[in-house]
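Please model the entire structure based on the sequences and the hints provided.
There are 2 protein chains.
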Amino acid sequence: MTAPDGSLTTLQARYGVAIPVDRGHELVIVNTHGTQAIDAWALNRANLNEFLSMEHTRSRLSRVIPRVGDTMVSNRRAPMLTLVEDTSPGVHDTLLCACNPEIYREHGCPEGHRSCEGNFHEALSQQGLALGCTPAPFNLFMNVAVGSHGEVLRAAPVSKPGDRLRFRAEMDVFVVLSACPQDVTPINGDDCTPRDIQYAVL
Amino acid sequence: MTAPDGSLTTLQARYGVAIPVDRGHELVIVNTHGTQAIDAWALNRANLNEFLSMEHTRSRLSRVIPRVGDTMVSNRRAPMLTLVEDTSPGVHDTLLCACNPEIYREHGCPEGHRSCEGNFHEALSQQGLALGCTPAPFNLFMNVAVGSHGEVLRAAPVSKPGDRLRFRAEMDVFVVLSACPQDVTPINGDDCTPRDIQYAVL
Numbered sequence: 003m004t005a006p007d008g009s010l011t012t013l014q015a016r017y018g019v020a021i022p023v024d025r026g027h028e029l030v031i032v033n034t035h036g037t038q039a040i041d042a043w044a045l046n047r048a049n050l051n052e053f054l055s056m057e058h059t060r061s062r063l064s065r066v067i068p069r070v071g072d073t074m075v076s077n078r079r080a081p082m083l084t085l086v087e088d089t090s091p092g093v094h095d096t097l098l099c100a101c102n103p104e105i106y107r108e109h110g111c112p113e114g115h116r117s118c119e120g121n122f123h124e125a126l127s128q129q130g131l132a133l134g135c136t137p138a139p140f141n142l143f144m145n146v147a148v149g150s151h152g153e154v155l156r157a158a159p160v161s162k163p164g165d166r167l168r169f170r171a172e173m174d175v176f177v178v179l180s181a182c183p184q185d186v187t188p189i190n191g192d193d194c195t196p197r198d199i200q201y202a203v204l
Numbered sequence: 003m004t005a006p007d008g009s010l011t012t013l014q015a016r017y018g019v020a021i022p023v024d025r026g027h028e029l030v031i032v033n034t035h036g037t038q039a040i041d042a043w044a045l046n047r048a049n050l051n052e053f054l055s056m057e058h059t060r061s062r063l064s065r066v067i068p069r070v071g072d073t074m075v076s077n078r079r080a081p082m083l084t085l086v087e088d089t090s091p092g093v094h095d096t097l098l099c100a101c102n103p104e105i106y107r108e109h110g111c112p113e114g115h116r117s118c119e120g121n122f123h124e125a126l127s128q129q130g131l132a133l134g135c136t137p138a139p140f141n142l143f144m145n146v147a148v149g150s151h152g153e154v155l156r157a158a159p160v161s162k163p164g165d166r167l168r169f170r171a172e173m174d175v176f177v178v179l180s181a182c183p184q185d186v187t188p189i190n191g192d193d194c195t196p197r198d199i200q201y202a203v204l
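Sequences listed follow chains A and B, in order.
Taking this note's numbering, the leading residue of the first sequence gets 3, the next gets one more, and so forth.
Taking this note's numbering, the leading residue of the second sequence gets 3, the next gets one more, and so forth.
Please keep in mind that the hints were generated in silico from the structure rather than gathered at the bench.
Please note: incorrect hints may appear among the correct ones.
As the list claims (entries may be wrong) - Simulated coverage check for chain A against chain B, where a stretch passes if three residues somewhere in it have a Cβ under 8 Å from a Cβ of chain B:
| no. | region |
| --- | --- |
| 1 | 47 to 56 |
| 2 | 81 to 93 |
| 3 | 97 to 110 |
| 4 | 158 to 170 |
| 5 | 184 to 191 |
In this text the structure is predicted, and so the values were computed from the model without any measurement.
Every residue, glycine too, gets a C-beta built ideally from N, C-alpha and C.
Listed below in structure tokens is the structure:
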């Protein structure tokens with residue numbers, strides 16, 4: 003996994019990983035090429051049925067998108083992750099589901115197209131774990147805005163190569179990351195090309 | 003339950019109910035007193051792990067709040083409920099979690115304060131059913147807006163007495179309704195008083 007000196011590990015484009023992060027430790031996530039959306043989840047290692055919740059976090063923060071200093075909470079309203087650094091313009095998404103097989107079917111892609119939902123469950127299974135549902139993800143660097151009439155507006159990321167987010171774990175968690183495999187829409191950049199990202203546990 | 007002639011059944015303030023609605027049939031929900039927020043869920047009767055999903059619905063509709071004519075989808079992106087009538091100004095919420103014991107604890111309420119989350123599980127148990135999670139609800143008549151800086155803004159409902167919503171079921175479902183027990187904030191009206199609602203299956 004991650005070297006103890008905090009050197010960066012690469013997560014391959016279109017794939018996912020479950021990363022154990024102990025309480026008080028930090029996870030750095032680097033948008034190496036600048037245009038990659040990353041779906042993120044966190045689960046309580048002592049009880050996987052407690053996980054980071056977008057609807058509870060929006061309720062707790064009274065804000066759609068967390069900012070530096072904000073602590074995101076679980077579906078039991080317990081502190082899970084605090085965003086301690088964000089070198090990007092802070093455009094992330096808490097509104098949309100993980101991409102999933104049904105979306106790629108609608109796009110007309112062949113069966114078996116990788117998805118963030120699939121990556122979430124694959125990453126858990128690689129730890130010998132399973133969860134019966136797919137929580138709503140925190141979509142890092144994903145450029146989703148709400149228009150003046152309530153429209154959900156999607157666009158290419160506004161982050162730049164090397165932009166990073168740093169989260170402090172407020173309990174012992176698995177953080178699951180998925181380097182989003184979306185290659186039909188420009189959500190991973192105008193060239194519709196998923197790319198590698200990097201991370202480190204500090 | 004509901005009379006076959008479609009006459010209205012009362013749901014007591016602060017309580018919930020699970021209502022079977024067959025595919026092609028309609029559920030009318032009446033805001034009898036005008037200021038009551040109602041948390042709503044739908045579950046596939048053939049597989050309770052498939053349920054109405056706010057994050058998939060926002061993704062499918064590219065809209066934060068469904069409007070008349072919109073079909074809301076499940077966590078498998080399958081059509082579940084179509085909003086066919088809305089006599090209110092159309093202000094509803096898909097962003098916030100159901101109120102829950104932790105929120106009332108933060109408010110300083112005594113333990114045992116009723117909650118929409120508790121009502122959801124109680125209503126299922128009255129049908130002999132259970133679900134291991136609490137899906138994000140569709141909060142009917144709940145006045146939640148997104149400010150220009152991404153703030154989540156809560157206010158008293160803008161609906162009037164007798165305003166009604168009508169949904170057509172696109173599969174055989176249980177619709178769970180909770181007449182929200184929130185009596186600390188003005189989400190159920192400026193007098194912070196939960197009130198009865200009514201419904202009918204047509």
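Check: Where does the structure disagree with the numbered hints, that is, which hint numbers, in rising order?
Finding: Structure breaks hints 2, 4, 5.
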